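Colleague: Okay, here's what each chain looks like letter by letter:
Protein chains: 2
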Amino acid sequence: MTFRVQQGLLLAAATVALGAPARANDIARVIDEGMNRSQVMATAHELVDGIGARLTNSTGMRRAEKWAEHKMQSYGLSDVRREGFEFGRGWDLIDSEVRMVAPRPIKLTAIPVAWTPPTDGTLRAEVVMAPISERRHFAAYRGKLRGKIVLISLPGDGSEPTEPYFRRHDSAGLGKLDEYRQPEHSHDSLEERLKRNKYAADLDNFLASEGALAWARISYRDGKLVHGAGYSHHVGTTPKLPGIEIAAEDYRRLARFAKNGPAPVLEIRSDVRFLDQDSQAYNIIGEIPGSDPQAGYVMAGAHLDSWAAADGAVDNGAGSAVVLEAARILKTLGVRPKRTIRFALWGAEEQGLYGSLAYIERHIASRPVPSGTPAAQRVSYWREGWPIAKKAGYGQLKAYFNMDNGSGKLRGVYAEGNHGAVPLLKEWMSPFASMGATAVVAAPTGGTDHVYMQAVGVPGFQFVQDPLDYGSRLHHSSIDTFDHMKAADLRQASVVMAGMLLAAANSEKELPRPPLPTQPLPTDPFDYQFPKDE
Amino acid sequence: MTFRVQQGLLLAAATVALGAPARANDIARVIDEGMNRSQVMATAHELVDGIGARLTNSTGMRRAEKWAEHKMQSYGLSDVRREGFEFGRGWDLIDSEVRMVAPRPIKLTAIPVAWTPPTDGTLRAEVVMAPISERRHFAAYRGKLRGKIVLISLPGDGSEPTEPYFRRHDSAGLGKLDEYRQPEHSHDSLEERLKRNKYAADLDNFLASEGALAWARISYRDGKLVHGAGYSHHVGTTPKLPGIEIAAEDYRRLARFAKNGPAPVLEIRSDVRFLDQDSQAYNIIGEIPGSDPQAGYVMAGAHLDSWAAADGAVDNGAGSAVVLEAARILKTLGVRPKRTIRFALWGAEEQGLYGSLAYIERHIASRPVPSGTPAAQRVSYWREGWPIAKKAGYGQLKAYFNMDNGSGKLRGVYAEGNHGAVPLLKEWMSPFASMGATAVVAAPTGGTDHVYMQAVGVPGFQFVQDPLDYGSRLHHSSIDTFDHMKAADLRQASVVMAGMLLAAANSEKELPRPPLPTQPLPTDPFDYQFPKDE
Numbered sequence: 001m002t003f004r005v006q007q008g009l010l011l012a013a014a015t016v017a018l019g020a021p022a023r024a025n026d027i028a029r030v031i032d033e034g035m036n037r038s039q040v041m042a043t044a045h046e047l048v049d050g051i052g053a054r055l056t057n058s059t060g061m062r063r064a065e066k067w068a069e070h071k072m073q074s075y076g077l078s079d080v081r082r083e084g085f086e087f088g089r090g091w092d093l094i095d096s097e098v099r100m101v102a103p104r105p106i107k108l109t110a111i112p113v114a115w116t117p118p119t120d121g122t123l124r125a126e127v128v129m130a131p132i133s134e135r136r137h138f139a140a141y142r143g144k145l146r147g148k149i150v151l152i153s154l155p156g157d158g159s160e161p162t163e164p165y166f167r168r169h170d171s172a173g174l175g176k177l178d179e180y181r182q183p184e185h186s187h188d189s190l191e192e193r194l195k196r197n198k199y200a201a202d203l204d205n206f207l208a209s210e211g212a213l214a215w216a217r218i219s220y221r222d223g224k225l226v227h228g229a230g231y232s233h234h235v236g237t238t239p240k241l242p243g244i245e246i247a248a249e250d251y252r253r254l255a256r257f258a259k260n261g262p263a264p265v266l267e268i269r270s271d272v273r274f275l276d277q278d279s280q281a282y283n284i285i286g287e288i289p290g291s292d293p294q295a296g297y298v299m300a301g302a303h304l305d306s307w308a309a310a311d312g313a314v315d316n317g318a319g320s321a322v323v324l325e326a327a328r329i330l331k332t333l334g335v336r337p338k339r340t341i342r343f344a345l346w347g348a349e350e351q352g353l354y355g356s357l358a359y360i361e362r363h364i365a366s367r368p369v370p371s372g373t374p375a376a377q378r379v380s381y382w383r384e385g386w387p388i389a390k391k392a393g394y395g396q397l398k399a400y401f402n403m404d405n406g407s408g409k410l411r412g413v414y415a416e417g418n419h420g421a422v423p424l425l426k427e428w429m430s431p432f433a434s435m436g437a438t439a440v441v442a443a444p445t446g447g448t449d450h451v452y453m454q455a456v457g458v459p460g461f462q463f464v465q466d467p468l469d470y471g472s473r474l475h476h477s478s479i480d481t482f483d484h485m486k487a488a489d490l491r492q493a494s495v496v497m498a499g500m501l502l503a504a505a506n507s508e509k510e511l512p513r514p515p516l517p518t519q520p521l522p523t524d525p526f527d528y529q530f531p532k533d534e
Numbered sequence: 001m002t003f004r005v006q007q008g009l010l011l012a013a014a015t016v017a018l019g020a021p022a023r024a025n026d027i028a029r030v031i032d033e034g035m036n037r038s039q040v041m042a043t044a045h046e047l048v049d050g051i052g053a054r055l056t057n058s059t060g061m062r063r064a065e066k067w068a069e070h071k072m073q074s075y076g077l078s079d080v081r082r083e084g085f086e087f088g089r090g091w092d093l094i095d096s097e098v099r100m101v102a103p104r105p106i107k108l109t110a111i112p113v114a115w116t117p118p119t120d121g122t123l124r125a126e127v128v129m130a131p132i133s134e135r136r137h138f139a140a141y142r143g144k145l146r147g148k149i150v151l152i153s154l155p156g157d158g159s160e161p162t163e164p165y166f167r168r169h170d171s172a173g174l175g176k177l178d179e180y181r182q183p184e185h186s187h188d189s190l191e192e193r194l195k196r197n198k199y200a201a202d203l204d205n206f207l208a209s210e211g212a213l214a215w216a217r218i219s220y221r222d223g224k225l226v227h228g229a230g231y232s233h234h235v236g237t238t239p240k241l242p243g244i245e246i247a248a249e250d251y252r253r254l255a256r257f258a259k260n261g262p263a264p265v266l267e268i269r270s271d272v273r274f275l276d277q278d279s280q281a282y283n284i285i286g287e288i289p290g291s292d293p294q295a296g297y298v299m300a301g302a303h304l305d306s307w308a309a310a311d312g313a314v315d316n317g318a319g320s321a322v323v324l325e326a327a328r329i330l331k332t333l334g335v336r337p338k339r340t341i342r343f344a345l346w347g348a349e350e351q352g353l354y355g356s357l358a359y360i361e362r363h364i365a366s367r368p369v370p371s372g373t374p375a376a377q378r379v380s381y382w383r384e385g386w387p388i389a390k391k392a393g394y395g396q397l398k399a400y401f402n403m404d405n406g407s408g409k410l411r412g413v414y415a416e417g418n419h420g421a422v423p424l425l426k427e428w429m430s431p432f433a434s435m436g437a438t439a440v441v442a443a444p445t446g447g448t449d450h451v452y453m454q455a456v457g458v459p460g461f462q463f464v465q466d467p468l469d470y471g472s473r474l475h476h477s478s479i480d481t482f483d484h485m486k487a488a489d490l491r492q493a494s495v496v497m498a499g500m501l502l503a504a505a506n507s508e509k510e511l512p513r514p515p516l517p518t519q520p521l522p523t524d525p526f527d528y529q530f531p532k533d534e
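Heads up: the sequence lines are chains A and B, in that order. First residue of the first sequence? That's 1 in the numbering used here, and the numbers climb one at a time after it. First residue of the second sequence? That's 1 in the numbering used here, and the numbers climb one at a time after it.
One chain only, chain A, in its complex shape:
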């Protein structure tokens, strides 16, 4: 107590002596709070261990939405809200069991494919191998699938992982990231893409019309990892047949028996439940108000939803926890930025970036979609739609920072093709060089919630992260669990995220905007192709 009083007196004296507030600079305070009193792993534990899997519109995701709102409120963020958008049905994976019962009994590692229907209790049937990957393969199996469980994948061989599963960037690697690559624009027509989107439904219809009872595919990673991604969440698109993903080792054993006999018999129990109370998914948003209402806002985002195979830890509990921790740090320090800092936890990223797209359509800009377009095809149309119609809020969003590449520490930021933004991003990143965050990479990236910002010409950025084992074994897999999150990395990421937001919110210069997208021309207009099938 005595000591604290003395400290106070000393501070007051110093303030007077220097004639300026003797408060530590903001970046140093962010680093102090984020490194010495971090909450990021405690927050991640609540979300990842406590709630677990968060498939959009599932019971887990509903819990996570409430939790996130509460969390933002507990930090004292302003205007905490949920913004809904049409998504489709909820789907809970209650339990499942898959066994080979002949030629010898063995329990298999498997997972129901998301948004496929349950089995009626336990389904028991012979399997048949029917490798199918395109519509033109259907004909070969007509009349051969009745009463069967259909194995639709080629089995392939065991993997030979000659590259390390876990790695970090070195300086050379970071430098290589920043070598310019010319874009490649394909001839792929909208029509072809829409047809591809319909393939899963066509396959389900074909199998059902042939009298098959269920289908199974192989997991795309071996080592007994499973994933279970599926996309038939829109109302009215629920498939007829249960679908399961079988671990590679177990699938291949079935395939060998199916080839050499005796034909294996499977038992499948897929205990899943559709939820139809609310077809909307939600983004959870809160903010720290800026001191200048004319200055616009900057924003951090990460998707809160996950797939159902594990706990959604590095994809994307990590990003969610970092966005929340950045908010906590800045709120705890009582910063009063010039621009508002907004924090968003997106829904429905995994099925097509629906949450961030909904935000853009509501607040930023829209691209036209023909009326009557099926919900499942809206996203594909959206990217082609022209012209871009700006909303009133278009100019207000000055910078968006997205985190969604696992729990590796931030090594820099992608300028996302916005080459004019590089100098300012470098300046904002500079205090974090000693923590390994140094690279500003001009190239664009895809695959997550900054993409539709690019699509309307808003400065949205993704971070460069140490890859760790995100891509090699964790992404969407059954081992995406808390123990694969790296505490030291996530503390660093939270500090850099908070620092970048603060710099962007207080910057005197605004980030230059990227060019407004138009229809690109094919890279090679003199190219020929063989005719497409059908």
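Incorrect hints may appear among the rest.
Unchecked claim - Derived list of chain B stretches under chain A, where covered just means 3 residues or more per stretch with a C-beta under 8 Å from a C-beta of chain A:
| # | stretch |
| --- | --- |
| 1 | 49 to 55 |
| 2 | 154 to 168 |
Unchecked claim - Some chain A residues close to chain B (C-beta under 8 Å, calculated; not the full set):
| # | residue |
| --- | --- |
| 3 | R256 |
| 4 | S478 |
| 5 | T481 |
To be clear, the hints were calculated from the coordinates, so they are not data collected in a lab. Remember, it's a predicted structure, so these values are computed and weren't measured experimentally. Even glycine gets a Cβ: it sits at the ideal position worked out from N, Cα and C.
The hints should help you fit chain B onto chain A, whose structure is shown.
Modeller: The following block gives chain B in isolation, referenced to the frame of chain A:
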């Protein structure tokens, strides 16, 4: 038909002209048969897919013993027989299920520990973390375990696999293998080793006396792999409590909840069955008789048993299939070697090389074990026993080749410290240089069925194999399945095995014997140690 007749005429003519049989040389015929008409993967499929796990004295292993005898008979091997030896109880893993039911429901990946008792239906209880690895830790948990499922392992962190899982030797690596390393002999007394052997029983007694209901340990690999090794197979040593091994990701989640609350509740159903009809395990043996009854015999061996977590593919379906394929190749070619070639498929390797030890005790030599030594401690005594008593067959075994390091192709052979054998081994290996088998490495190796041959001074050798992903993820794990066996490698291995056997069987020179083992002196007789606990 015409063409064949012509060929025959030409051959006959050539034979006459050269004054010698125009038959291709034996090594070339071995390579032709083993590469162009290989059965090794078909044989492996029957064993690994068809029978699956082969825990010693389990139902699977009994099937495999019969299958192996039949297989040897079908090739026309002579004197096919089973040689029994005392091992203990059989144990079948019928089924199991482990669930966390609070704080939220989730099915865990887990496996019962071999030779632990079943649960009585489904056991439901709170877990308690009680990290224990030595007897001196017991005291800290007295009075705290009643009615609980005890988690005995430290949870640790997720692995960071910065080395590739899958690799092959390059020339530099093979060269490095052959750098002489001086042996290190420890002060570890027989008494200490025997005490360590008793630790698992002491832990079981402690947990039972405290009223715990079951115990769980963490898997030693992460990525949701489990293993389930246990050693309480001797009659009269069955533990009181069920034990399970939980996948690392699932164990660590339990540990985090146990630390921060709410205390997790588990349901365990371990449906296992002890088999007491026959406490003997068996070696399966057959041979190709030599033309000279005085010339002794050479031998190939691999263990047929496996752990229960998967199908025992690379450990050691691979070695078993290669030994059988070598027999098939040589028998198919109708070779008549000078020395008998014997083929052995060992039982009970995984629990302490019991099968090969039994063979040695019966046919080669023995080391004294005090009467009244418990069965579980015989193996430890055996290595210390002195003097070595040779049997009549001691001099008859001229060379033994063991295969038990996965499905990687053979890159050479270890001379196993028998430095005088190097030149002859090099000569025998030389026809296989173009297949990558080149290295003769002087150093000794341990861990498999040639070890007790070393212990009585008989020339027993293990092969140098490409490591692949044997050690990194397959060995003893739940993904030791057929799809991780490499067909091209196993064809090569079969050919080299057959070739080495044939060379050794026909060699005019006999391999020199290694020095007869004695008690080694400690490497550093002036070393000090802190007192041991207790």
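Colleague: For each hint, tell me whether it holds in the structure or not.
Modeller: A quick look at each hint next to the structure:
With 4 residues having a beta carbon nearer than 8 Å to a beta carbon of chain A, the stretch 49 to 55 of chain B meets the requirement of three or more and the stated coverage holds. Counting residues of the stretch 154 to 168 of chain B whose beta carbon lies closer than 8 Å to any beta carbon of chain A gives 12, which meets the minimum of three for the stated coverage. Taking 8 Å as the C-beta contact cut-off toward chain B, the hint placing R256/A at the interface holds, the least distance being around 6 Å. At its closest, the beta carbon of S478/A sits 6 Å from a beta carbon of chain B; the interface hint therefore holds under the 8 Å criterion.
The beta carbon of T481/A comes within 4 Å of a beta carbon in chain B, closer than 8 Å, and the hint placing it at the interface holds.
Taken one by one, the earlier hints all hold for this structure without exception.
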